[in-house]
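Participant: These are the residues of each chain, in order.
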Amino acid sequence: MKKRLSLLFSLMLVLSVFLAACGGFNKKESAGEKTGGEKKADVPQELRVNINTEPFSLHPGLANDSTSGTVLRQTFEGLTVIKDGKPKLAAAESYDVSDDLTTYTFKLRDAKWTNGDPVTAQDFEYAWKWALDPKNQSQYAYQLYYIKNGQAFNEGKAKAEDVGVKALDDKTLQVTLENPTPYFLELTAFYTYYPVNSKIAQKNPDWYKNAGPDYTSNGPFKMTTWEHNNKIVLEKNETYWDAKNVKLTKISMSMVNDPNTELSMFNNGELDWAGSPTGTLPTDALPQLKQEGKLHVQPIAGTYWLKFNTEKAPFNNVNIRKALAYAIDRKAIVENVTKGEQVPAMAAVPPTMFPENKEGYFKDNDVEKAKEYLKKGLEELGLKDVKQLPPITYSFNTSEAHAKIAQAIQDMWKKNLGIEVKLENAEWNVYIDKLHSGDYQVGRMGWLGDFNDPINFLELFRDKKGGNNDTNWENPKYKQLLIDSQKEKDPEKRKQMLKDAEAILMDELPVAPIYFYTQTWVQKDNLKGVELSGLGDVQFKWAYFE
Amino acid sequence: MLRYISRRLLSILLSLFLIITATFFLMRAAPGGPFSGEKKLPPEIEKNLNEYYGLDRPWYEQYTDYLVSIAKWDFGPSFKYKGQTVNDLINEGFPVSFFLGMEALLLAVSLGILLGVIAALNHNKWQDYGAMIFAVLGISVPSFIMASLLQYVLAIKLGMFPVARWESLQHTVLPALALAATPMAFIARLTRSSMLEVLSNDYIRTAKAKGLSKGQITVKHAIRNALLPVVTYLGPLSAAVLTGSFVIEKIFGIPGLGSQFVLSISNRDYTTIMGVTVFYSILLLFSVLLVDIAYGLIDPRIKLAGGKKGE
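These protein sequences, in sequence, are chains A and B. Here the first sequence is numbered in this note's numbering, starting from 1 and rising by one per residue. Here the second sequence is numbered in this note's numbering, starting from 547 and rising by one per residue.
With the rest of the complex left out, here is chain A (with noise of 0.2 angstroms):
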């Protein structure tokens, strides 16, 4: 008896040695790679990062979610980058823009590809061709369509040699607009706009399903190792001609789906950043890192809000859609529910872009206002008493922090206006396919601006079947003032014609606004210089360690 207890402890002993042993050398080398770090004079210039998941595709022209756009950002470069939340000349060493604003001329830089190549503007041009071509099935097409005759080719009703580009030679590239477009420059910064190694794309066109010799990239970083679902490895371009300001050897990505995982290999130096725009960090460890001090914060260029199906009784009237916008404590929303510093908005464009918006159109929780409205509106659709009013169904996508925000805003529109709300909550296929069909009464959406200039917001409400709006609303006046300002030269006079619409948009509210977004991470207090934009895009090319 006795000899088979100790022949099961010895067989435990051996089982945790066996552990112990598998651990201790981990210990050792985080230990080490802690002692290098003291060492002022050769700080290991690694970045570790986490991306969350498997990026959608890692060719310029096909990528189309964040986390592609994350990588090719470190790894390619477009005529030009967002610094400083101003785009500046990249691969582009200067540029001319015609009288009217629709013919843009770029002198690009000497600078090569991965493999030695050099960029031309040919690589410009045969990039933007083969994703506007319908053949290849690019979803982000869409984001060349101010190319003249961009549209045209990708629908099929024009010629690849129609579209508005064109290598004049090896540096020149002349581009045309269908309009004149005041923030082409941004544009170009994005990742649709980035060229393609044409030399490699039309011998191997494969050549972006996987890391190799045939994956060149014009960037400050080149992909050297892409295990799909698990990381990427992108080590420093010597071939880029910036290198020298580039100071970083090495980035690593990981892809862990778990913001809790996330922030526990952050506190064990497993990773130098957790959360955004890379990653994410789990909503009830902000308070606590906020209280250490730890927790870093920036606005972007993003608005949560709450659409109104005006089509549906009683959404149909303004005075109730106001009554509704007008009774929500938005300070209470973001202080006790989001947490995440938030900022309240009373106004559609983010303060990023219009910083007036910070105070936005009307007050909020206004609570006396709202009872007027609603007593306005009651009487509009015959209504003598709240309690005739029918409960409305607040929708969102089942998530616990659109639970917890829905919860709030159904007990304020209760309490605030005696109106009874249902909550309805659905997958996020689901919930998005109702919403663009326009079965709902009230839904949340967020929306995050894909290029720095108010228009992405307003023109989403620019016609009843614009694809985004689903709200049906529509306003001849708002139209118009959209249409027109895509033609305005001056920038001033173009800004009061975007702001007079979003005025309109604001008085009318097919729309409740409820917070503008920010981005919440930690960091290694070492780890300097890294380059957030107001879209929530991060580009390492500047980053280092101290």
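Derived by calculation from the structure, the hints in this document are not laboratory data. All C-beta atoms in this analysis are idealised placements derived from N, C-alpha and C, irrespective of residue type, glycine included. Errors might be hidden in some of the hints.
To spell it out: a stretch of chain B is covered by chain A in this simulated footprint if at least three of its residues, at any positions, have a beta carbon under 8 angstroms from a beta carbon of chain A; those stretches are [as the list claims (entries may be wrong)]: (1) 572-578; (2) 690-699.
So these bits of chain B aren't anywhere near chain A, every CB distance computed over 10 angstroms [as the list claims (entries may be wrong)]: (3) Phe563; (4) Leu601; (5) Trp605; (6) Thr610; (7) Leu613; (8) Ala755; (9) Val824; (10) Ile828; (11) Val834.
Model the placement of chain B on the given structure of chain A, informed by the hints.
Facilitator: Using the frame of chain A, we list chain B on its own:
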């Protein structure tokens, strides 16, 4: 035996056909499609994509085409991951899940049986209570809590293992432990109760009377008979464990097939949903068959129906 197996293979084929059909139509019935997103695509682009992937054709054409390509073991391109086929996804994801599953299975079976046998041999003594408290905890603590607990204690507090990711052998230990905890506890309980039952049998008393040592009795007579329920449980368990657990793979950031499967559903990645479902079904159906065959080997009293004596 041969006839039995061929008959079973036929019924597997039939089940597979039913599974494919049901999944195909249920999937199409769910609202949303592979190209619906927050930002709605221009209709021309969506139409173009639907044409390219054949989603605009009548359902019976898509269905029959699909059956044909499955028969050729070609699951088609992934709708979401451009440039990867579903076969790629399975070929890359399954070995990872399989390795982790084997590790967990080994842990669960060896430790589970060990604990169960010890508990049974020391019925109503402290070893018994200790093992069973352990087992109850293992069954009742959900795997995601177990995973977080292991991460917190062994990785963050003791620094023995990395928190997550899939790199080296030491990266596999925590997920394997988390995955093994529940089945190990279950196996321990199963082994204990069937051991207790077996130990009270007459032939054990006979063996004792013959003067065999306790060790010989346990190994040669008791365990062999006591393991039958464990073997039954092993079939579905190995299918479940080897194909990967979504929760564990998500928490530990493991590039396995389990997380792929669940993600593909929320992505509405039709070909991936179908491909992985078919692959899983085949695994499950075959593991059940293997268990049934293993029965006959362990216990000669069980005759597989269709055998010579059965007729």
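Participant: Decide, hint by hint, whether the structure agrees.
Facilitator: So, going through the hints one by one against the coordinates:
no.: 1; hint: 572-578; verdict: holds (count 3)
no.: 2; hint: 690-699; verdict: holds (count 3)
no.: 3; hint: Phe563; verdict: holds (27 angstroms)
no.: 4; hint: Leu601; verdict: holds (12 angstroms)
no.: 5; hint: Trp605; verdict: holds (18 angstroms)
no.: 6; hint: Thr610; verdict: holds (24 angstroms)
no.: 7; hint: Leu613; verdict: holds (25 angstroms)
no.: 8; hint: Ala755; verdict: holds (20 angstroms)
no.: 9; hint: Val824; verdict: holds (20 angstroms)
no.: 10; hint: Ile828; verdict: holds (22 angstroms)
no.: 11; hint: Val834; verdict: holds (29 angstroms)
Checked against the numbered hints listed earlier, the structure breaks none of them; every hint is satisfied.
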